[in-house]
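S.K.: Sequence:
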Amino acid sequence: MLPLDTFLRIVDATPLVAIDLIISNEDGAYLLGHRTNRPAQGFWFVPGGRIHKNERLDDAFRRIARDELGCSDLERADAELVGIYDHLYEDNFGGAPDITTHYVVMGYKLRGNLNLVSLPNAQHTAYRWATADEIAADRSIHPNTQAYFAPAR
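Per the working numbering: the sequence shown = residues 1063 to 1215.
Hints are all accurate, no fakes.
Pairs of lysine to aspartate or glutamate, DMTMM-like flavour, derived with a Cα cap of 25 angstroms:
1) Lys-1115 to Asp-1140
2) Lys-1115 to Asp-1129
3) Lys-1171 to Asp-1195
4) Lys-1115 to Asp-1074
5) Lys-1171 to Asp-1129
6) Lys-1171 to Glu-1142
7) Lys-1171 to Glu-1137
8) Lys-1115 to Asp-1153
9) Lys-1171 to Asp-1121
10) Lys-1115 to Asp-1135
11) Lys-1115 to Asp-1148
Derived Cβ-Cβ restraints for the label pairs, each shown as a range:
12) Thr-1068 to Glu-1196: 35 to 45 angstroms
13) Ile-1072 to Ser-1180: 25 to 35 angstroms
14) Thr-1193 to Asp-1067: 40 to 50 angstroms
15) Asp-1140 to Ala-1194: 14 to 24 angstroms
16) Asn-1087 to Gly-1157: 30 to 40 angstroms
17) Leu-1178 to Arg-1071: 29 to 39 angstroms
18) Val-1179 to Thr-1068: 32 to 42 angstroms
19) Asp-1195 to Arg-1173: 11 to 21 angstroms
These are computed hints drawn from the structure, not numbers from a lab. All values reported here derive from a predicted model rather than from experimental measurement. In this text, a Cβ means the ideal position worked out from N, Cα and C, and glycines have one as well.
From just these sequences and the hints, can you work out the full model?
M.R.: Written as structure tokens, this is what we have:
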């Protein structure tokens, strides 16, 4: 784990690379978590996380699924790459002034019927399922999450 001051310098100087998990259930609704931390604090967002230095994509996918969802059996090979997205934020994880955050995010779609009650709460205060139409219309859902459900670019 990087010291926070080092990580803040990295956020200030470079883009971060991340994976988002776009998880649908058997009813076709998608999993959203209410973000606890910056950036995007207070918005509903799909689960995800950054890739660590020297961490292979498959390992990062498994770690993020475990940390964000408590699942140890989700594999990147079982997911569909939806696309690669720029996520730009006016703030940063530490709330430091004048430092924006830029993520380059690989969005992966997969199916999973998860029990909302048993999901980890380190990154999200609550979870819910929402349809693509609900996601598009709900202003409490972050635009970067809504972009996953927009017509093809």
